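Residue numbers (the working numbering): 76 to 768.
Read the hints as simulated data drawn from the structure, not as lab findings. Please note that the accuracy of each hint is not assured.
[Said to hold, decoys possible] For each label pair, taking beta carbons as the anchor points, the in silico distance ranges come out as: (1) 552 x 225: 43 to 53 Å; (2) 292 x 147: 56 to 66 Å; (3) 425 x 146: 27 to 37 Å; (4) 249 x 429: 38 to 48 Å; (5) 455 x 324: 34 to 44 Å; (6) 677 x 580: 45 to 55 Å; (7) 391 x 640: 54 to 64 Å; (8) 179 x 552: 41 to 51 Å; (9) 391 x 354: 36 to 46 Å; (10) 147 x 238: 18 to 28 Å; (11) 425 x 458: 49 to 59 Å.
[Claimed, not checked] Calculated pairs, DSBU-like style, for lysine-lysine (alpha carbon to alpha carbon, straight line, at most 35 Å): (12) 447 x 409; (13) 641 x 567; (14) 447 x 485; (15) 409 x 397; (16) 485 x 567; (17) 676 x 364; (18) 139 x 364; (19) 364 x 447; (20) 567 x 397; (21) 676 x 641; (22) 641 x 485; (23) 397 x 139; (24) 397 x 364.
Computed from a prediction, not measured in an experiment: that's the story for all the values here. Even glycine gets a Cβ: it sits at the ideal position worked out from N, Cα and C.
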Amino acid sequence: MNRKDCKRKSHQECPGKTGGRGRPRPARRHKTCPSPREISKVMASMALDMLKEGGCSEDELLEKCIQSFDSAGNLRRGEHILNMVLAMHSWVLPSARLAARLLTLYPPRAMSSGWRVEGRDYQEATGNTQELRRLQICHLVRYWLIQHPETVHQQPQVEEVISRFWATVEQEGNSAQRSLGDSSNRLSPGGPGPPPSVSSPGLGKKCKVSLLFDHLEAEELAQHLTYLEFRSFQVITPQDLRDYVLQGSVQGCSALEGSVGLSNSVSRWVQVMVLSRPGPSQRAQVLDKFIHVAQRLRQLQNFNTLMAVTGGLCHSAISRLKDSHAHLSPDSTKALLELTELLAAHNNYSCYRRTWAGCTGFRLPVLGVHLKDLVSLYEAHPDRFPDGRLHLSKLNSLYLRLQELAALQKQQPPCTANEDLLHLLTLSLDLFYTEDEIYELSYAREPRCPKSLPLSPFKAPLVVEWAPGVTPKPDRATLGRHVEQLVESVFKNYDPEGRGTISLEDFERLSGNFPFACHGLHPPPRQESGSFSREELTEYLLRASAICSKLGLAFLHTFHEVTFRKPTFCHSCSGFVSTGRLWGVTKQGYRCRDCGLCCHKHCRDRVKDECKRPGTKGDMGPPGAPVPPTPTPHASCGPEDSLSCTLPLEPEAGRHLCHAWTQTEPPLPSWEPETVPLPMMASPPSQSSEPNS
76 MNRKDCKRKS HQECPGKTGG RGRPRPARRH KTCPSPREIS KVMASMALDM LKEGGCSEDE
136 LLEKCIQSFD SAGNLRRGEH ILNMVLAMHS WVLPSARLAA RLLTLYPPRA MSSGWRVEGR
196 DYQEATGNTQ ELRRLQICHL VRYWLIQHPE TVHQQPQVEE VISRFWATVE QEGNSAQRSL
256 GDSSNRLSPG GPGPPPSVSS PGLGKKCKVS LLFDHLEAEE LAQHLTYLEF RSFQVITPQD
316 LRDYVLQGSV QGCSALEGSV GLSNSVSRWV QVMVLSRPGP SQRAQVLDKF IHVAQRLRQL
376 QNFNTLMAVT GGLCHSAISR LKDSHAHLSP DSTKALLELT ELLAAHNNYS CYRRTWAGCT
436 GFRLPVLGVH LKDLVSLYEA HPDRFPDGRL HLSKLNSLYL RLQELAALQK QQPPCTANED
496 LLHLLTLSLD LFYTEDEIYE LSYAREPRCP KSLPLSPFKA PLVVEWAPGV TPKPDRATLG
556 RHVEQLVESV FKNYDPEGRG TISLEDFERL SGNFPFACHG LHPPPRQESG SFSREELTEY
616 LLRASAICSK LGLAFLHTFH EVTFRKPTFC HSCSGFVSTG RLWGVTKQGY RCRDCGLCCH
676 KHCRDRVKDE CKRPGTKGDM GPPGAPVPPT PTPHASCGPE DSLSCTLPLE PEAGRHLCHA
736 WTQTEPPLPS WEPETVPLPM MASPPSQSSE PNS
């Protein structure tokens, strides 16, 4: 054996890790199968090789799409490029422009000898060749309408161009082409609807379901939060994601803004529910419960809500509560630390990405992380090459990410939801709190100790809140609908006998689900039986939710009972003259003290218009802000229906909101004289707000 053969044999027997010139050889995978994502990526790259190394002009790309169909409408080759173009063309050129080019490419019969489109000469197309091309264009437009109906129906300009296209086909095309333009063949399948809301098995009319936060199990709460998250995630469209990437903001994208607002609402709700408890041990119980909720969310693979709950628990206003955290068990503290490390922003969320890559089955992603990836892919390369050709590799990368999110929207949630508990959570998450209010509550629970102030610089939180400026601000109609749904659920479960009232004990427990006490919104004192009717509960929840949602006191009317001296019509049921007339001997209806709106007693909860005080501009300040005192009318102000000047709802700063549970102010006690409101320094101690426990 010569020297060369010996050297060759040694290389065959000892495939070392180093190649020629001492460079390490690339690692090879043995006995492993590629993942579905790798397979789809390779198939897409093979398809893109046909389009001139990942770039082509608009005419060439459109020609490839037209040639994808045969005379019967079947696809000649893979549909990846066709679907990518129809889904991603709006990122680089308007959809109306693409539709107009298809209309231009449709050859009329008068041009049977030859035609020209934007400087490109085509050979003479006559007879069957021309009819085949016209039929292929019709198949392309029909395929576009069926596979991507939202692109057409959400843009009036595109819909108008498509209508002109089918009108041209109706005039110039043959029977086969006209049949494709028939409305019965142009199906528009809708997107996936919200998951069904299924009540728990065995829940009947006489069954009593607890709507109390303390009685809800962590697993049950996590399942309903997952249902709300999935319902919010399902309505996000590719157009919303595109608008976010192009604009860099969720403003204007209602579905995406709602999803972000839901996450931020859950985070704030966790913080306020912890701070609403007066004692350290009670706050520790709430902390422990939310830690178990977070663990269950991790098992359900709902990472978006897990990020919101963990972010609320790790917020600086909560993490500074040393006395409360001292009551936590070591297991709870360890679990919170593990969840924090899982969702930490270090190394571009590397721990979360590794966990997400190994997940199978139902799962919900951290939407902010994946939107960040879309922005990075979009900004990494330009839309076009220097010669004007489209960058197809960039569009394909974005398309694959969007397809992954679209596949997640077609999942089926692994759990069911109780409609009554959904109403409770929906109204709870409508409440809005600012950072200043949360920190004020935190310092009120555990005041700052000057000796324990850290000397180290500020450290950024591990779990950050993305899009912090997005805050839920429900309008009157939305808030009223949520209150009505919750009241129906309360009386269905807490009044199975149908008496029309709930006990004071049930009312106090129910109101404990909402941290209204943080704003001084205590339940009103009760007399006689102490029970609450449906109307009283609705009034209390509507007014308290409006104040806590920062809709302002001008949002609601301040009704008082009056006697009308002339015919007056109810603002709510004015269409029914026979029943809407307000005129009689005494006390026929109610009038708003601020705007003068009149209505029946049974119609005051149905008034849709907001209270607009005359002479006020802009929004009112937050609850608790000082309000200028309103002059008190003298005894000779006139008849009762002309009394429009009364004591303000908040006469002094620092006082609790007076009568915040109802829209009707009770009459002044007989022992209280009608005098001008005293200055703030002279206010009696009994009217000042009690210190927060």
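Tell me if the beta carbons of residue 455 and residue 324 are separated by a distance inside 34 to 44 Å. violated (20 Å)
Given the hinted pair residue 447 and residue 409, is their alpha-carbon gap at most 35 Å? With a Cα-Cα distance of about 30 Å, the restraint between residue 447 and residue 409 holds, given a limit of 35 Å.
Assessment of proposed distance window 41 to 51 Å (beta carbons of residue 179, residue 552): Holds, since residue 179 and residue 552 (Cβ atoms, about 46 Å apart) stay within the stated range.
Compare the distance between the alpha carbons of residue 485 and residue 567 with 35 Å, and conclude whether the hinted pair is satisfied. holds (33 Å)
Does the structure keep residue 676 and residue 364 at a Cα separation of 35 Å or less? Given that 35 Å is the threshold and the Cα spacing comes to 43 Å, the pair is violated.
If you draw a straight line from the CA of residue 397 to the CA of residue 139, is it 35 Å or shorter? Outside the cut-off at roughly 65 Å; violated.
Between residue 677 and residue 580, is the Cβ distance one that fits in 45 to 55 Å? violated (28 Å)
Regarding residue 391 and residue 640, is the given constraint of 54 to 64 Å on their beta-carbon distance met? holds (60 Å)
Residue 641 and residue 567: Cα distance at most 35 Å? Roughly 42 Å between the alpha carbons, so the hint for residue 641 and residue 567 is violated.
Would the hint linking residue 409 and residue 397 be met if the CA-CA limit is 35 Å? Answer holds: residue 409 to residue 397 is near 16 Å, not above 35 Å.
Is the straight-line distance between the alpha-carbon of residue 447 and that of residue 485 35 Å or less? holds (22 Å)
Regarding the pair residue 567 and residue 397, is the alpha-carbon distance no greater than 35 Å? violated (41 Å)
In summary, the structure is inconsistent with hints 1, 3, 4, 5, 6, 9, 11, 13, 17, 18, 20, 22, 23 from the numbered list given earlier, while agreeing with the others.
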